[in-house]
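Q: Read top to bottom, the protein sequences are chains Z and L. Numbering-wise (my numbering), the first sequence opens with residue 3 and increments by one. Numbering-wise (my numbering), the second sequence opens with residue 3 and increments by one.
There may be inaccurate statements among the hints.
Since the list gives no way to pick one copy over another, a pair counts as held whenever it fits inside one copy or between any two copies.
[Stated by the list, open to error] Below, a list of computed lysine-lysine pairs in the DSBU-like style, where the Cα atoms sit at most 35 Å apart: (1) LYS185 x LYS329; (2) LYS35 x LYS329; (3) LYS98 x LYS113; (4) LYS147 x LYS98; (5) LYS35 x LYS271; (6) LYS113 x LYS154; (7) LYS271 x LYS329; (8) LYS35 x LYS323; (9) LYS35 x LYS185; (10) LYS98 x LYS271; (11) LYS174 x LYS323; (12) LYS271 x LYS323.
The hints are simulated quantities; they were obtained by calculation from the structure and are not laboratory data. From a predicted model like this one, the values you see are computed outputs, not experimental measurements.
2 protein chains.
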Amino acid sequence: MPDLYDVAAIGNAIVDVIAPATEEFLAFNHLTKGAMMLVDEDQSARIYARMQAGVEASGGSAANTIAGLASFGGKGAFLGKVADDQLGAVFTHDMKAIGAHFANAPLVGGKATAVSMINVTPDGQRTMCTFLGASTAFADEDVDKDVIESAKIVYLEGYLFDAPLARRAFAKAAALAHGSGRKIALTLSDSFVVERHREALLGFIEGQVDLLFANESEVCALFRTTDFDEAVSALRERVELAAVTRAAQGSVILSKGERLTVAAEPVEKVVDTTGAGDQYAAGFMFGLSRGRPLQQCGKLASLAAAEVISHYGPRPQVSLKELAESKGY
Amino acid sequence: MPDLYDVAAIGNAIVDVIAPATEEFLAFNHLTKGAMMLVDEDQSARIYARMQAGVEASGGSAANTIAGLASFGGKGAFLGKVADDQLGAVFTHDMKAIGAHFANAPLVGGKATAVSMINVTPDGQRTMCTFLGASTAFADEDVDKDVIESAKIVYLEGYLFDAPLARRAFAKAAALAHGSGRKIALTLSDSFVVERHREALLGFIEGQVDLLFANESEVCALFRTTDFDEAVSALRERVELAAVTRAAQGSVILSKGERLTVAAEPVEKVVDTTGAGDQYAAGFMFGLSRGRPLQQCGKLASLAAAEVISHYGPRPQVSLKELAESKGY
Chain Z
3 MPDLYDVAAI GNAIVDVIAP ATEEFLAFNH LTKGAMMLVD EDQSARIYAR MQAGVEASGG
63 SAANTIAGLA SFGGKGAFLG KVADDQLGAV FTHDMKAIGA HFANAPLVGG KATAVSMINV
123 TPDGQRTMCT FLGASTAFAD EDVDKDVIES AKIVYLEGYL FDAPLARRAF AKAAALAHGS
183 GRKIALTLSD SFVVERHREA LLGFIEGQVD LLFANESEVC ALFRTTDFDE AVSALRERVE
243 LAAVTRAAQG SVILSKGERL TVAAEPVEKV VDTTGAGDQY AAGFMFGLSR GRPLQQCGKL
303 ASLAAAEVIS HYGPRPQVSL KELAESKGY
Chain L
3 MPDLYDVAAI GNAIVDVIAP ATEEFLAFNH LTKGAMMLVD EDQSARIYAR MQAGVEASGG
63 SAANTIAGLA SFGGKGAFLG KVADDQLGAV FTHDMKAIGA HFANAPLVGG KATAVSMINV
123 TPDGQRTMCT FLGASTAFAD EDVDKDVIES AKIVYLEGYL FDAPLARRAF AKAAALAHGS
183 GRKIALTLSD SFVVERHREA LLGFIEGQVD LLFANESEVC ALFRTTDFDE AVSALRERVE
243 LAAVTRAAQG SVILSKGERL TVAAEPVEKV VDTTGAGDQY AAGFMFGLSR GRPLQQCGKL
303 ASLAAAEVIS HYGPRPQVSL KELAESKGY
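From just these sequences and the hints, can you work out the full model?
A: Right under this line is the structure:
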């Protein structure tokens, strides 16, 4: 198959509800700051009723990454499941409006489109309560062979390890991708996801993953250590290429025995950290798909992350292509 | 009845879809910059399909005003009609989350919640295509006597003159308000609304309106003139109190033969003019309901308008109470 896409991503198709929140709100609702908690429909309604007035925007980790890739001028495809409802229409519209391929039929007569309630504290940290709804209906028959086999990189969202059907979809995507000489990338998504599915993730990483994205707490959770260097050493033995983000301390790229350090792009004020990791992955894979050296991939990644945390919302608000050009990256 | 509310507002209950747009987009879709065009369900779908990726946020002119009032620390009530759908739930949540009274039952089995597609050009101007949907089902039985009779000011949105049922609701609200010694305020909303319903608006203004809000083009359309001073003189003879906004030139307050001028609050960069008039009305009525002098009402109004045009979205993103205090207004 020809290279139609730089990246094809599989993830939860989610609409975000983003609102400011106080520390007291997190405590009252037993939420761990910075983490993602899964909630059912009833819990979702209860938490939403207590949230402040907000805005709605298409989200979903891997979908945000595709939006970032498109903003760099890359060509992306997204695979995921919305419901046949208003928020599903919003998600679908936004995917198509950025020029990404998104063709999975919406779920009819089942649960509603997934919603993530994102509570942003004054320090810019985001704490998420996610109702997965229709997105858990994504199954292996939704993995479009033609899309997977024509993408340079197939990117998978670790959050999907919570959905049993999706794990089979991952296995299918990995088999198709490797069968046609494509690369598989995975993001660990969240340290609680790692704790819930540690063995399965380790097995998948060793067997299938060519490029791993993680942050510091996720990689430490994966190897049950609090020592970052120990975690990084363990990771280096298991994957060909990895990028580990460390918030303001920048990121570390591991490649065939090499360990590169990339500084974080300076940010005037951190408004909302939602999407930081997603945009990092977007910049990194855009660079990689265009054959850029790893250090430059890391700089593009940091630039995209810095843009998204400087405003509310999980997707870039300026052209990352123009931003990168203006910086000479 | 006791004073439970500073302002009770009747308006279209709308969720905004806000996206950047080019001048070419406006031309291609035959849209007049800065205006509001009504669209049906099919047109709405066609225009949405062509729009860029956006964000969704509760809107509606009078509802935005109530949100601004609440941000100043005022007590508001909103009357309007959403549908029993996801966007209706978003609108309802946001009204309650700001502490406003909103108790109209959603429309079941009818049209969807109203949506306004707001296209923001690089100059910050917004051009709106509105599908009124369920909001046109608002009728006189939805006018809650207890709410109207316990509000210092009853604020009506001129956009509702497009909805025949709502005009009867206005007549009921005006009768109830004046019967209990309350004031009626009206905003002209849009120059095309004024052109469509000029005679009806003039009749309503002369018979019922105590406080009129308009911008320059609306007041000129009302009196079929291009001469601002002529329009203002004609208006002064018809209402006890009026505030006419002139964008960067500030505003003019007309009261019993007096004509006060209020400067616009400086804005670093105009990002999105959506909600400027709504927030002006919020600041003005907050001041008025707290017995502030007219000049100060105008300053609070200008401050609120300046805040909302400095970011995307129709409602304040900071506490207007704290902002006003920091300025000493």
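Q: Against this structure, judge whether each hint is valid.
A: Hints, one by one, checked against the model:
1. Taking CA atoms no more than 35 Å apart as the test, LYS185 paired with LYS329 passes inside one copy only; the shortest distance there is 29 Å, against 57 Å between copies.
2. Taking identical chains as interchangeable, the C-alpha atoms of LYS35 and LYS329 lie at most 35 Å apart whether they share a chain (33 Å) or sit on different chains (34 Å).
3. In this assembly of identical chains, the alpha carbons of LYS98 and LYS113 lie at most 35 Å apart whether taken from the same copy (23 Å) or from different copies (25 Å).
4. With identical chains, the CA atoms of LYS147 and LYS98 are at most 35 Å apart within one copy only, with a shortest distance of 20 Å there and 47 Å across copies.
5. When the C-alpha separation of LYS35 and LYS271 is checked against a cutoff of 35 Å, the pair qualifies both within a copy, at 19 Å, and between copies, at 34 Å.
6. Proximity of LYS113 to LYS154 under the C-alpha cut-off of 35 Å is restricted to the intra-copy arrangement: shortest distance 33 Å within a copy versus 44 Å between copies.
7. For the identical chains of this complex, LYS271 and LYS329 are neighbours both inside a copy (19 Å) and across copies (23 Å), given an alpha-carbon limit of 35 Å.
8. For a Cα distance limit of 35 Å, the shortest separation of LYS35 from LYS323 qualifies both inside one copy, at 32 Å, and across copies, at 28 Å.
9. Taking the shortest alpha-carbon separations for LYS35 and LYS185, only the intra-copy value of 33 Å comes in at or below 35 Å, while the best inter-copy value is 47 Å.
10. Taking CA atoms no more than 35 Å apart as the test, LYS98 paired with LYS271 passes in both settings, with 31 Å inside one copy and 30 Å between copies.
11. Proximity of LYS174 and LYS323 under a CA criterion of 35 Å is satisfied intra-copy only: 33 Å inside one chain copy versus 56 Å between copies.
12. When the C-alpha separation of LYS271 and LYS323 is checked against a cutoff of 35 Å, the pair qualifies both within a copy, at 22 Å, and between copies, at 23 Å.
Of the numbered hints given earlier, the model fails none.
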